[in-house]
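**Q** Residue-level listing of the chains:
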Amino acid sequence: MSATDKNRDPLAKVAVVISFVVLLFATFPLIVTAITAFNATSETVFPPNGWSLRWFENILRQPDLMRAAVFSLMLALLSSAISISLGMMSAIALTRSKFPGRDLIDAFLLSPLLVPQVILGLSFLVFFVRVGSSQPFLNLLTLHVVLTFPYALRVIRSSLMRMNPKLEEAAVGLGASGIKSFFLVTFPQMRPSLFVAVFFCFVVSFDNFTASAFLTVSGATLPVQIYFSIESSLDPTISAISALLILGSAIFVIVADRVVGVEKII
Amino acid sequence: MSGAGIEIDNITVRYGDAVTVKALTLDVKPGEFLSLLGPSGCGKTTTLRSVAGFSDISGGDIRIGGTSVRNVPANKRNIGMVYQDYALFPHMNVEKNIGFGLRMRGVSSDEIKQRARAAAEQLGLQKFLDRYPQQLSGGQQQRVALARALVVRPDVLLLDEPMAALDKQLRANMQFELKELQRSVGITTVFVTHDQEEALSLSDRIAVMSEGKILQVDKPDTLYHFPATRFVAEFVGTANLLKAKIVNTSGRSCLELEGLGISVPLQRERAAGEVEVLLRPEQISFGNDHAAGGVSFDARILGAVFVGAAIRYQVAAPSGQILRIDVLGAQSVHPNAGEVATISWRTQDMRIYRDGKLEE
Chain A
1433 MSATDKNRDP
1443 LAKVAVVISF
1453 VVLLFATFPL
1463 IVTAITAFNA
1473 TSETVFPPNG
1483 WSLRWFENIL
1493 RQPDLMRAAV
1503 FSLMLALLSS
1513 AISISLGMMS
1523 AIALTRSKFP
1533 GRDLIDAFLL
1543 SPLLVPQVIL
1553 GLSFLVFFVR
1563 VGSSQPFLNL
1573 LTLHVVLTFP
1583 YALRVIRSSL
1593 MRMNPKLEEA
1603 AVGLGASGIK
1613 SFFLVTFPQM
1623 RPSLFVAVFF
1633 CFVVSFDNFT
1643 ASAFLTVSGA
1653 TLPVQIYFSI
1663 ESSLDPTISA
1673 ISALLILGSA
1683 IFVIVADRVV
1693 GVEKII
Chain B
16 MSGAGIEIDN
26 ITVRYGDAVT
36 VKALTLDVKP
46 GEFLSLLGPS
56 GCGKTTTLRS
66 VAGFSDISGG
76 DIRIGGTSVR
86 NVPANKRNIG
96 MVYQDYALFP
106 HMNVEKNIGF
116 GLRMRGVSSD
126 EIKQRARAAA
136 EQLGLQKFLD
146 RYPQQLSGGQ
156 QQRVALARAL
166 VVRPDVLLLD
176 EPMAALDKQL
186 RANMQFELKE
196 LQRSVGITTV
206 FVTHDQEEAL
216 SLSDRIAVMS
226 EGKILQVDKP
236 DTLYHFPATR
246 FVAEFVGTAN
256 LLKAKIVNTS
266 GRSCLELEGL
276 GISVPLQRER
286 AAGEVEVLLR
296 PEQISFGNDH
306 AAGGVSFDAR
316 ILGAVFVGAA
326 IRYQVAAPSG
336 QILRIDVLGA
346 QSVHPNAGEV
356 ATISWRTQDM
366 RIYRDGKLEE
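These protein sequences, in sequence, are chains A and B.
Counting in the working numbering, the first sequence runs from 1433 upward without gaps.
Counting in the working numbering, the second sequence runs from 16 upward without gaps.
Do not take every clue at face value.
[What the hints assert, rightly or not] In silico lysine to any residue, SDA-like type, Cα no more than 25 Å apart, as pairs:
#, chain 1, residue 1, chain 2, residue 2
1, A, Lys1598, B, Asp145
2, A, Lys1612, B, Asp100
3, A, Lys1612, A, Met1595
4, A, Lys1598, B, Gln149
5, B, Lys111, A, Ser1591
6, B, Lys128, A, Phe1614
7, B, Lys234, B, Arg369
8, B, Lys128, A, Glu1601
9, B, Lys372, B, Asn351
10, B, Lys258, B, Gln129
11, B, Lys260, B, Lys142
12, A, Lys1598, B, Lys258
13, A, Lys1598, B, Gly154
Just so you know, the hints here were simulated from the structure itself, not pulled from any lab data.
Fair warning: this is a prediction, and the values are worked out from it, not measured in the lab.
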């Protein structure tokens, strides 16, 4: 016992050091990007040659970026809402009942996770061109529901699988109708998983570049618009918007940790 | 409060192609504590669940308090049920758990509070009202499950192996408490278990089940001393079964125990043929006290196990058959392994089974 403790201690210390090094390497580019956003001059350089907040102000003067941000936000919110509603219903069907072909449907519903995004984006482009759909928002919404749905399904399904199916039955035995037993017993226990599902769906949708790029000619979503922007100009406005996104994500993770615990999300 | 009787009338339950309960009929009297006892997969839980309304019956009828519940959904049957894993709601504290059934019945929140507290007090849970199920021990969780089931004043109480998850000491205490509670409330109770000791100690009557059918319904002592079939004899208690033959000579029946060369005259005439004889381990004793009008022979002691109140012996008869004998620890004769000792039993303790069925 004491021997293993002695062996484990230095190893644990090494593990902690390695974790910190990895963390530093992973976050260093983010930190550099965030700092360049405060540059006084119009070059994106590190370290900055003076301090200023004007690039944050400049975001508001970029109608393309602003429009893309609102577009991406709407897209992420709507596709998450749709995916979570569908995911909840599918998860209940897949865990609470047995029917022929259940495992096949399950595998099929999760398959978008396995298809490379380039292929997914290209096939959606071909499909929408064939059917003649020229609604960029609707096209992207369809794509993002397909992209986010497997995450919603997986998260909600795993929480349902951990739940004791006898609980709903016990509630019915105590006089609850089927609907009441769902809303008073099952749903409250699913709530943390719904929060997690929102997080995943939102991030997957808001962040998606590869597949979305196929469906956006003029750079409708924020990631694609950012990409177009750095092709044309390289002033720190892009760094400023990136810094805001990093800040937003950090706040999101901290709130999520407080509400459900970060270990449930990852 | 006096419970309602349950009449299970010729019910059949199917799961897909499999028939799990076959034309089963059983009456549970008002206020009675009846156990459904049987090995796993015998259909006892399915029978309980069909009374609760969770298993659809494909034939027959179930009446509670004289009224058919065949077309009454589970949430309208006014039944209290306790599960093996208690199925407490993990997101509700003890008070909310206990009050759930009352809430579903539209009882006012003041009355829910008062009745939930009263039920908690009855089961010694008043200190835990604000706790959540995962903060309670197994025994406390079981009390919450019982309180939650009883607080709605159900017509019948259904218990699905509620003791299985408890350790032995706690189980003995809870059995005693459950019996007291059931007696004081006077509620009709159906108790599912595979533990024959538990069934014997708790029940007014026991229904022994096997393969979807009831083999025998009787009081515990009748079931133990007069098991209707060989299966019941072996499932309830320990059974010594000896091969024997009934021989009739000049109007008198004699029982010849195989391989022992012993012939016992029987009280009345019986048909000749192959039979089996049942003896309980405590009906056999050392010495030849029962030699007159009984059976007595020398057997070799194979071994002994001390089980507290009794010593359990295994002995080999001259025929080679192994018999189990229970001797109360206080008794004086305690032969050692390897020794040869005389064993004996009384003729009237023998039960005769022909084709697996008790012969009266």
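**Q** Run every hint past the structure and note whether it holds.
**A** Evaluated hints:
no., hint, verdict
1, A:Lys1598 / B:Asp145, "holds (23 Å)"
2, A:Lys1612 / B:Asp100, "holds (22 Å)"
3, A:Lys1612 / A:Met1595, "holds (17 Å)"
4, A:Lys1598 / B:Gln149, "holds (16 Å)"
5, B:Lys111 / A:Ser1591, "holds (23 Å)"
6, B:Lys128 / A:Phe1614, "holds (23 Å)"
7, B:Lys234 / B:Arg369, "holds (23 Å)"
8, B:Lys128 / A:Glu1601, "holds (24 Å)"
9, B:Lys372 / B:Asn351, "violated (36 Å)"
10, B:Lys258 / B:Gln129, "violated (63 Å)"
11, B:Lys260 / B:Lys142, "violated (65 Å)"
12, A:Lys1598 / B:Lys258, "violated (47 Å)"
13, A:Lys1598 / B:Gly154, "holds (19 Å)"
Going through the hint list in order, the structure does not satisfy hints 9, 10, 11 and 12.
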